[in-house]
Amino acid sequence: MAEDLIRTEAGDLPLSVFRPSVIVSTYKEPVRGWIDNPYGPVGMMIGVGTGVLHTTLNDNENVLDIVPIDIVVNCMLAIAWYSSTSNHKSIPIYNFVSSSQNPIQLGEFSARNERHANTWPAIESVWYLSYFATKHRILYLVLNFFLHRIPGLVLDAYLKMTGREPRLTTIYNKLSNAMETLAFFSLRQWQWQDYNVQNLWSHLTPADKELFFFSMKEFDWDYFIEAVDLGLRVYLLKDDVDTLPAARRKWKKLFIAHCFTKYLFFTLALWILLEALRFTLSSLPNYHLIIICIVVGHIIRYVRESSVLEFKLKQD
1 MAEDLIRTEA GDLPLSVFRP SVIVSTYKEP VRGWIDNPYG PVGMMIGVGT GVLHTTLNDN
61 ENVLDIVPID IVVNCMLAIA WYSSTSNHKS IPIYNFVSSS QNPIQLGEFS ARNERHANTW
121 PAIESVWYLS YFATKHRILY LVLNFFLHRI PGLVLDAYLK MTGREPRLTT IYNKLSNAME
181 TLAFFSLRQW QWQDYNVQNL WSHLTPADKE LFFFSMKEFD WDYFIEAVDL GLRVYLLKDD
241 VDTLPAARRK WKKLFIAHCF TKYLFFTLAL WILLEALRFT LSSLPNYHLI IICIVVGHII
301 RYVRESSVLE FKLKQD
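So the sequence shown is numbered by this note's numbering: it starts at 1 and just counts up by one.
If you are wondering where the hints come from, they were derived from the structure by calculation, not from laboratory data.
Please note that the accuracy of each hint is not assured.
[Unchecked claim] Here are the in silico distance ranges between beta carbons for each label pair:
no.: 1; residue 1: I272; residue 2: Q189; range: 19 to 29 Å
no.: 2; residue 1: D36; residue 2: E218; range: 22 to 32 Å
no.: 3; residue 1: G43; residue 2: S90; range: 53 to 63 Å
no.: 4; residue 1: Y158; residue 2: D220; range: 38 to 48 Å
no.: 5; residue 1: E3; residue 2: F266; range: 47 to 57 Å
no.: 6; residue 1: R137; residue 2: A269; range: 15 to 25 Å
no.: 7; residue 1: N173; residue 2: S86; range: 18 to 28 Å
no.: 8; residue 1: I256; residue 2: F146; range: 16 to 26 Å
no.: 9; residue 1: R149; residue 2: D36; range: 25 to 35 Å
Cβ coordinates follow ideal geometry from the N, Cα and C atoms, glycine included.
Generate coordinates for the entire structure from the input sequences, incorporating the hints supplied.
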């Protein structure tokens with residue numbers, strides 16, 4: 001409605017329409033990674049990075065379309081200049097997006113975020129980073145039950161017994177509601193064209209391009225994701241960089257606890273499976289040999305994963 005009002009009432013005014021994508025943390029200015037609210041993708045990154053959020057309902061092959069606030073402002077300033085110095089027969093529309101010139105899939109974004117989150121862990125982390133996204137609703141509901149609902153109930157019971165206020169169940173209820181609300185967007189994607197933004201960039205001088213940088217084609221995703229993770233830690237979690245050594249020690253302990261819990265769960269699941277197989281195969285000849293083969297296979301896998309764990313601990 002606002003755009004239509006501008007179209008019908010603008011007259012000879014030098015106006016433009018600016019449509020930015022989802023706006024998140026700063027890229028470089030005034031400080032790297034600055035942000036003041038936990039909404040949208042940033043909130044999910046906080047949940048994943050602190051070990052609260054473990055599964056979401058989205059398609060990892062979809063393109064994530066987000067843009068930093070400082071680059072958005074630079075583009076707006078350039079549009080104001082260009083609109084006042086150029087003659088347009090119609091009101092130009094500027095779609096400021098990242099998906100057109102420099103797309104990044106959700107899966108790749110999550111992988112890079114995990115790497116940087118392991119470098120900049122928060123002292124407030126409650127568990128090691130363990131995240132799995134799926135586009136299948138039934139699988140998501142199962143994972144949500146085992147990774148969110150059950151741990152939330154257990155930890156809330158512990159908090160209540162120790163005289164503290166239980167809150168994880170409430171948090172996970174809000175997360176589940178948010179996932180259902182955002183599913184329409186997280187399981188779909190849209191294509192936007194930014195020809196006017198590209199044309200605007202081509203009209204800037206080299207000095208202006210450096211001063212008012214807004215080229216998403218030259219945008220460095222890895223640099224930005226690291227900036228976001230660092231900014232979340234400092235500006236939203238209020239976790240000073242001085243606490244980083246203690247946070248990394250805690251992170252290593254959480255990693256060991258995570259591996260132990262994972263192996264314990266798999267061992268319990270294997271025991272249940274073997275008992276079911278023993279009951280099913282007891283009437284067949286040589287069923288003991290079949291069970292032994294399964295156990296040996298599990299032991300080999302356990303040794304392989306233990307070697308990976310030992311290597312990671314040595315690297316740390």
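Range agreement (Cβ of D220 with Cβ of Y158, hint 38 to 48 Å): 43 Å, holds
Outcome for the supplied range 22 to 32 Å, where the beta carbon pair is D36 and E218: Check passed, 26 Å falls within 22 to 32 Å.
Taking 18 to 28 Å as the stated bounds, is the beta-carbon spacing between N173 and S86 within them? Hint violated: Cβ distance 52 Å, outside 18 to 28 Å.
Does the hinted range 16 to 26 Å hold for I256 and F146 at CB? 21 Å, holds
Could you see if the CB distance from I272 to Q189 stays within 19 to 29 Å? Distance hint for I272, Q189 is violated at roughly 40 Å.
Take a look at whether the Cβ-Cβ distance between G43 and S90 falls inside 53 to 63 Å. This hint is violated: roughly 38 Å between Cβ atoms.
Does the hinted range 25 to 35 Å hold for R149 and D36 at CB? This hint holds: roughly 31 Å between Cβ atoms.
A range of 47 to 57 Å was offered for this pair. Does it hold for the Cβ distance of E3 and F266? Hint holds: Cβ distance 55 Å, inside 47 to 57 Å.
Verdict for R137, A269 (Cβ pair) under range 15 to 25 Å: 23 Å, holds
In this structure, the earlier hints numbered 1, 3 and 7 are contradicted, and the remaining ones agree with it.
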